[in-house]
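> What follows is each chain in one-letter form.
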Amino acid sequence: MYGRMSRKRDYYGGGEILMSLIENQKTNIDNDIKIITGNHAAAHAFRQARVGVVSAYPITPQSPVVEKIAEFIANGKLNARFVKVESEHSALAVCCAASATGSRVGTATSAHGLELMYEMLPWAAGNRLPIIINLATRSLGAPWSVWTDHSDFITIRDVGWIQYMCENNQEIYDTNLQAFKIAENSRVFLPSIVAYDGYILSHTMMPVKLENQEEVDEFLPPINHHINLSNISTIKGIDPVTTPNIIKRIEGTAPGYYEFRYALQRSLENSIDIIKEVHDEFTKKFGRSYGNGIYKIIQTEDADTIIYAMGSVASQARVAIKKLRAEGLKIGIVSLKLFRPYPYEDLRDFFKDKENIIVFDRDIGYGYEGVLSYELKAALYSLKKKPNIKGFIVGLGGRDVKTEHIISGVHKALNQFKQGIFTNKTDFLGLSLDELNDYDESNYFDSR
Amino acid sequence: MDLPEEEFIYPGTRACAGCGMALIYRIALKALGAKTLVTVPASCLTVLHGMQGFCSTKVSVYHTPFATTGASASGIVASLEDKGLENEITVLAFAGDGGTTDIGIQALSGAVERGTNFIYACYDNEAYMNTGVQRSGSTPYGVKTTTTPEGKLSHKKDMPKILEAHGIPYIATGIASYPLDLFEKFKKARTIHGSKYFHILSPCPPGWGYDPKDTISIGRLAVQTGFWILYEIENGIFKLSKPSSRYLDPLKRKPIEEYLKAQKRFSEMTQQQIKVYKVYIDNMWKDIKRRIECQN
Ligand SMILES: Cc1ncc(C[n+]2csc(CCOP(=O)(O)OP(=O)(O)O)c2C)c(N)n1
Ligand code: SF4
Ligand SMILES: [Mg+2]
Numbered sequence: 001m002y003g004r005m006s007r008k009r010d011y012y013g014g015g016e017i018l019m020s021l022i023e024n025q026k027t028n029i030d031n032d033i034k035i036i037t038g039n040h041a042a043a044h045a046f047r048q049a050r051v052g053v054v055s056a057y058p059i060t061p062q063s064p065v066v067e068k069i070a071e072f073i074a075n076g077k078l079n080a081r082f083v084k085v086e087s088e089h090s091a092l093a094v095c096c097a098a099s100a101t102g103s104r105v106g107t108a109t110s111a112h113g114l115e116l117m118y119e120m121l122p123w124a125a126g127n128r129l130p131i132i133i134n135l136a137t138r139s140l141g142a143p144w145s146v147w148t149d150h151s152d153f154i155t156i157r158d159v160g161w162i163q164y165m166c167e168n169n170q171e172i173y174d175t176n177l178q179a180f181k182i183a184e185n186s187r188v189f190l191p192s193i194v195a196y197d198g199y200i201l202s203h204t205m206m207p208v209k210l211e212n213q214e215e216v217d218e219f220l221p222p223i224n225h226h227i228n229l230s231n232i233s234t235i236k237g238i239d240p241v242t243t244p245n246i247i248k249r250i251e252g253t254a255p256g257y258y259e260f261r262y263a264l265q266r267s268l269e270n271s272i273d274i275i276k277e278v279h280d281e282f283t284k285k286f287g288r289s290y291g292n293g294i295y296k297i298i299q300t301e302d303a304d305t306i307i308y309a310m311g312s313v314a315s316q317a318r319v320a321i322k323k324l325r326a327e328g329l330k331i332g333i334v335s336l337k338l339f340r341p342y343p344y345e346d347l348r349d350f351f352k353d354k355e356n357i358i359v360f361d362r363d364i365g366y367g368y369e370g371v372l373s374y375e376l377k378a379a380l381y382s383l384k385k386k387p388n389i390k391g392f393i394v395g396l397g398g399r400d401v402k403t404e405h406i407i408s409g410v411h412k413a414l415n416q417f418k419q420g421i422f423t424n425k426t427d428f429l430g431l432s433l434d435e436l437n438d439y440d441e442s443n444y445f446d447s448r
Numbered sequence: 001m002d003l004p005e006e007e008f009i010y011p012g013t014r015a016c017a018g019c020g021m022a023l024i025y026r027i028a029l030k031a032l033g034a035k036t037l038v039t040v041p042a043s044c045l046t047v048l049h050g051m052q053g054f055c056s057t058k059v060s061v062y063h064t065p066f067a068t069t070g071a072s073a074s075g076i077v078a079s080l081e082d083k084g085l086e087n088e089i090t091v092l093a094f095a096g097d098g099g100t101t102d103i104g105i106q107a108l109s110g111a112v113e114r115g116t117n118f119i120y121a122c123y124d125n126e127a128y129m130n131t132g133v134q135r136s137g138s139t140p141y142g143v144k145t146t147t148t149p150e151g152k153l154s155h156k157k158d159m160p161k162i163l164e165a166h167g168i169p170y171i172a173t174g175i176a177s178y179p180l181d182l183f184e185k186f187k188k189a190r191t192i193h194g195s196k197y198f199h200i201l202s203p204c205p206p207g208w209g210y211d212p213k214d215t216i217s218i219g220r221l222a223v224q225t226g227f228w229i230l231y232e233i234e235n236g237i238f239k240l241s242k243p244s245s246r247y248l249d250p251l252k253r254k255p256i257e258e259y260l261k262a263q264k265r266f267s268e269m270t271q272q273q274i275k276v277y278k279v280y281i282d283n284m285w286k287d288i289k290r291r292i293e294c295q296n
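These protein sequences, in sequence, are chains A and B. Residue numbers are given in the working numbering: position 146 of the first sequence equals residue 146, and the series is strictly consecutive. Residue numbers are given in the working numbering: position 118 of the second sequence equals residue 118, and the series is strictly consecutive.
The shape of chain B in the complex, shown without the other chains:
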């Protein structure tokens, strides 16, 4: 199967070369189609769209302040319901990790608790990139940012878990390195009524410190080392996605060092810190294993 040819983003956006987020956005819009209304907060995605009268996308875009992505989606959905258009138009909220896991977490929690019928996609480049690479609640352990020059001391928030606690019908993780997996997930989410949440790792050449041509391979490494796990949770049922399923076996995973060493943001990590990573990844997978066994 291939992705459809029709594009909903014009060429020549203002995103950096090799931007993972731009790929994710393209794939998402291909899956959701022309009848999509997007709401976007302050982030690199605002920059991609352009400002004040410019817009690089073919779908309607509402630009909302940083903390309000979830609330703005609620407002759009309420207005569509007011006009009887709720089944005609898909509402997509698309925000960065800062806008999702930090400043926008309250509005997002409120929106999904109310069962708002929309898709929320967080593209996670693991820092505040738009304002110059400051740490976010989603920045991983050990990462150097402009506000964590010594390396971040805590692990990233497990945002999908927080969303799961809201009891929403669909949660998925993704990455642009596996475009069909991501595309299929968005297609599925479109058919489900209620709040749908995506958490998508989004490699970022300037923020992570690697060559723009390597965006796809870095993303693959994230999956192959077991750092980034692709899965879906549909009505509470957890399912590992195909690209990740073989890494349930620890022996199949590539060493985490391959992923860390490919990026400047992890430079100068000590052996001790790398050990912390190994434990962290093992624990994530142990949880998943337990969960799958319980379900069977």
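Pulled out of the complex, with its shape left as it was, chain A reads as follows:
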């Protein structure tokens, strides 16, 4: 019934926990609304996607994904092999090899785990292995912090993965099911990462509609992989390599690195269409949609000013715009769902007649500015009428992103636009520098 209520509407379940539903949880797992955490939503999606091999290593705040999957396997609810490795580097190495052997595979991690996997990320992309990683986002040490920001997520933007960001637990479940279908599409064959804010989603209970298994199976049939090393009788002689044989030259030799990488880039670019198609198919079947599958819009129809953000920051902005609209501002939000491949055409099309864009990054491209901010500036460079754009940094290391931070950011940006001030210099919201005694910006180490 909750699913029906939200039919044909952007699904946004954040914050509204229906206590009555918690009490009504039935023993039957599927075709029902459950009150579960984001981590468990990811685990349920893996179960219903019938993954064949899982390999993961625990890290806060991702660990409950791993624990739940282990429980599903132990209870016979998921018939998969779970390789309990000694590191994340090995976890993704296991996933790559298992995928190349023809199985549907997935894993989950956070922050340092993702960074430890780093070497394997371009490997998975280069071999065109449709692995799914769930990422409960977390800041990168040092200093040590287990709290969310998007630093981990953005560090892998140049390795050839599809990257999604989610805003609520239903979206985590739904995006996972779509991600497998997209990744395994013969026009795509790319690994993908489904991210959601650590703790804010990973550990918060929200209602999630788990679909009927038969319908999930219909939506997501078994994998038909481009490579299957276990087919030893059909793989003979000159071809038993892992990299896919895309083009063959007359001499019978395979193409070089450059051509493989060209094909990878083209597939990434072309995957945007498939991501939209699969999102539409999902909406038709299950009744839930997330904007156009690329970004979500909130009250943008009459808006001349747009807040552009991702994940938890976009969620917080939903509260902020109520107040800003009450002040008379025509303001809306674009919440980016697809971070890679970077949907520059969709964004250009959307922003072509907007006046002001205020970007809130829960990340920094250190030494430059927030990644969402500078990428959007670059993407909109070719527009004839260029919108005003200002970026802010918010919420690193899990620092609360408060409604008033967003509101003050919007005010400041609009003021600067009026005065003709445009700068790439980073502007941090929500800092408590006054609590540092004698902090001297020009000489941090000597100022203590």
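What follows is a list of derived Cβ distance ranges for each label pair:
(1) B:192 - A:71: 28 to 34 Å
(2) B:192 - A:218: 41 to 47 Å
(3) A:218 - B:87: 31 to 37 Å
(4) B:165 - A:31: 49 to 55 Å
(5) A:266 - B:213: 46 to 52 Å
(6) A:257 - B:3: 32 to 38 Å
(7) A:119 - B:132: 20 to 26 Å
(8) A:218 - B:17: 57 to 63 Å
(9) A:118 - B:234: 36 to 42 Å
For the record, the hints were derived by calculation from the structure and aren't laboratory data. Just so it is clear, CB atoms sit at the ideal spot from N, CA and C, and this is done for glycine as well.
Since the structure of chain A is already known, use the hints to place chain B with the ligands on it.
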């Protein structure tokens, strides 16, 4: 008994002439047969296979990053189990000494601790050959490499001992100079369930500094001087292999100088250093002797 005629490596690989590793690989595949799936990290073996669409072997090969050989084998085995094919296909991980004793030791330890059903073979050419002869944890004492121009100061890691500490069902050492011994060991390993480990000395003409035609005789010298000991450990029971059994008697061993002097990498070793070698070899054999006596 002879080795089977069927080859699983095409002629004309990119390995150097006289490469010990190429011989080991040939023998291993002859023993394991066509239904073998190999995983290989960065090493001279990658070069032997060829790159991007070329492959000099008839069996399926998965190429994995340097540190991940053990993990990749786990992934392949898990996928085979997922499909019910685990009894149809033998999984062979084949890595160099650098990939095994250094960067890949964690993934290997994890894989065998989990009891992964596979064979791991380390071909030990006692340095990072692929990148230009740098020292590894398996480089012996006194050896000159490009990163130990003064000669290496420590002895090589006893990798089989580390693997034994994991309690795996089968461990064997080998060398291509005794091909039947190696062949029989691989045949046996194929029938054992669980993690099997091979440590195989792999003479390397350019890295060790000798004429390619001498690969077999250098390998024999390694055994005859007692530097390289052929044995098996099956379910904890140690057994000296035939080619090595007579060298339990120190008087039967050839002087270590014969082995050292045949290779440029040991050149300029002092008498003092050679003495260190003698003690090292004596101690290895004393351990083995004690072990055999304890078992009886
Ligand atoms: C992470 C990483 N670091 C370094 C390298 C470079 N590298 C490739 S092969 C190799 C040495 C291989 O040595 P070994 O495993 O003994 O095999 P061999 O070349 O001697 O056959 C090195 C250092 C790499 N491929 N990956
Ligand atoms: S360098 Fe040594 S191990 Fe490598 S291919 Fe040549 S002979 Fe073989
Ligand atoms: Mg080596």
